[in-house]
Amino acid sequence: MPSTSPSLPRPSSAAPPPLDPQALRQAAVQAVARLKVLANEDRLLLLCQLSQGEMCVSELEACLDIRQPTLSQQLGVLRRQGVVATRREGKNIHYRVADPALLEVLAVLYRLYCPKE
Numbered sequence: 001m002p003s004t005s006p007s008l009p010r011p012s013s014a015a016p017p018p019l020d021p022q023a024l025r026q027a028a029v030q031a032v033a034r035l036k037v038l039a040n041e042d043r044l045l046l047l048c049q050l051s052q053g054e055m056c057v058s059e060l061e062a063c064l065d066i067r068q069p070t071l072s073q074q075l076g077v078l079r080r081q082g083v084v085a086t087r088r089e090g091k092n093i094h095y096r097v098a099d100p101a102l103l104e105v106l107a108v109l110y111r112l113y114c115p116k117e
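1 is the number of the first residue of the sequence shown in the UniProt record's numbering; add one for each residue after it.
In case anyone wonders, no lab produced these hints; they're calculated from the structure.
This one's a predicted model, so the numbers in the text were calculated from it and none came from an experiment.
Where hints are given, some of them may not hold.
Stated by the list, open to error - Here are the computed distance ranges between Cβ atoms for each label pair: (1) Thr86 <-> Ala14: 40 to 48 Å; (2) Gln30 <-> Gly90: 29 to 37 Å; (3) Pro69 <-> Leu44: 14 to 22 Å; (4) Gln52 <-> Val29: 24 to 32 Å.
For glycine and all other residues, C-beta sits at the position ideal for the given N, C-alpha and C.
With the hints as constraints, model all of the structure from the sequences given.
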């Protein structure tokens, strides 16, 4: 039975160019770092919500039902990893996804795993 797993796209007419192992390793290191950020349920929920637009902590707390201490801890991880950016407005800190590539990954995860309405 043929395999139905997806494969990397290949040019149809010419042989693929040789892959540079060092460049692949560097790309893999970057990909693993981003995937580790996503490998936490609370962080993934936060990023999914923030992919819809900028939000402050109180809004995130209300819509995700994540307690404030956990929320602050996970937002700190995301901030240190450079995944989210912040903007202060008075007493509120607003968060947004800062990595456009991560928004693309979140869109794929949404398409694959989120329930359809």
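Okay, the hints, checked on the actual structure:
1. Thr86 <-> Ala14: 40 to 48 Å: Distance hint for Thr86, Ala14 holds at roughly 46 Å.
2. Gln30 <-> Gly90: 29 to 37 Å: At roughly 36 Å between Cβ atoms, Gly90 and Gln30 fall inside 29 to 37 Å, so the hint holds.
3. Pro69 <-> Leu44: 14 to 22 Å: holds (18 Å)
4. Gln52 <-> Val29: 24 to 32 Å: Hint holds: Cβ distance 29 Å, inside 24 to 32 Å.
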